[in-house]
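> What follows is the residue order along each chain.
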Amino acid sequence: MSKAISKSPWVVHFNCNSCNGCDIEFLACLTPTYDVERFGVLHVGNPKHADVLVVTGSVNLRNRHVLKNVYDQMPDPKVVVAMGICPATGGIFADCYNVVGGVGSVIPVDVHVPGCPPRPEAMMDGIIEAVGILEKKRKGEAVDPPLLPVKTVKGPEAPPVTPEMAAKIAAAKAAAEAKKAAEKEN
Amino acid sequence: MELLDKIGSYCLHTPWLYALLVLIAAPVAGALLTGIDRKLTARMQGRMGPPLLQPFYDTVKLFCKSPMVLHRPQLIYATLHLVFMMAALLLLAQGRDLLMVLFVQAFSVICLVLGGMSVRSPYSWIGSQRKIMQMLGVEPVFLLMIVALYLRDGSFLGSDLFAKGQPLLPSMPLLFLAFLCAVAIEFEKSPFDLASSHHAHQEIVKGVTLEYSGPFLGLIEIAHFYEIAFFFGLMMAFWHTNIIIGFLLASAGMTFMTILDNSFARLTPHWMLRFMWTVPLSMALANLIWLWVK
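Going down the list, the sequences are from chains A and B.
Sequential numbering of the first sequence, starting at 531, is according to this note's numbering.
Sequential numbering of the second sequence, starting at 32, is according to this note's numbering.
Treat the hints with care, as some may be off.
Said to hold, decoys possible - To spell it out: a stretch of chain A is covered by chain B in this simulated footprint if at least three of its residues, at any positions, have a beta carbon under 8 angstroms from a beta carbon of chain B; those stretches are: (1) 533-539; (2) 563-571; (3) 616-624; (4) 650-658.
The set of hints was computed from the structure by calculation and includes no laboratory data.
Remember, it's a predicted structure, so these values are computed and weren't measured experimentally.
Every residue gets a Cβ at the ideal spot worked out from N, C-alpha and C, and that includes glycine.
Please take these sequences and the hints and turn them into a complete structure.
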């Protein structure tokens, strides 16, 4: 029985104030390149048929009720996967006046997939991780709450500064200071 | 080998054992056919696809979920849908009156429609209305098929049909084509995929089965497996004299469904009704007139 539940996770996808980046990447998982259906994953549009709730984007004052409603409509056992950094902490939108924060402030989250957006591989990995938790929940075992991602996206290192560039930077700085001084005198 | 023959003939001539075998084998066959269909679809789209036994996992999983039901009638309608589908399959397998088989199968679909209408979700209502339109398109073709059988053999009984030594396909080729279109509607294949939008749940989310979840959705899934076995059996009946040719014919029919599903986009319910009442229906009528004149 538990084997069956881990072999057929049906996913409902809820866009909760996202910039659509994660949504596009998540839909890429369904394409022939990634083919998430080979794990038995079906992308359903109905929370009543779903086992896994995938949330993208941060939660705001308007949609927190909708998110709670969608979560409550799913029959047990169920898991929640937060795709991207926005549903983890609010991400780049965290300081907006209407943003409540991450998905964890409304419903219990089981897996965080960090990234902005995460790669489709990471998303599939997150769903497989969630399936393991689903199996545990079905057996009635305790599940640890996930840790919030600490570091998410690391950009490429800045290129080394050459002597010519250093001279240019120094000249620009001097010019800016001279301009400031001239403005003060006026 | 002799022992196997003996066991086989004992099973065939003991009504309750035969019924039990049919009731167990049919959903397994239906689920396997669904698995093959999903695998084939995936390969056509250049994907790897789910494992062959995926429909079994899906159904077992649905029974693992906690039951959530809106109200009691919904539950009764889902059960009746399954029970009438089982009854239709049994009546067909026992060679009873084909008109009766048709009516019981239609009543099973009606139960699904009633279940969809018993909730207040607008998507479920739209799905149910489309299911009724699908029945409007499908039932005349089935009825003409049975009338044609009567014209040929002078009997509505399935057992009389099986007793005749002539295969059906040479005398009713146009009716077979019309029947394939009707079966594509019953299987919710793509150009006619209206009532429950099978793939990715676009447009009306999940139509008739929208408000069902967990074990009750599982009941409907099993009923669908019975339905697949039912129509597979009917397709085999077009060449009932040789079981291998019959099987090949039905397999070709199923492959045709998959190709159809992958090469067409969904069309509107009105288009479906207009199509069904012109092309397949006139094909069926032409075949009928030919049989009558002959």
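> Among the hints numbered above, which are violated by the structure, and what are their numbers in rising order?
3, 4
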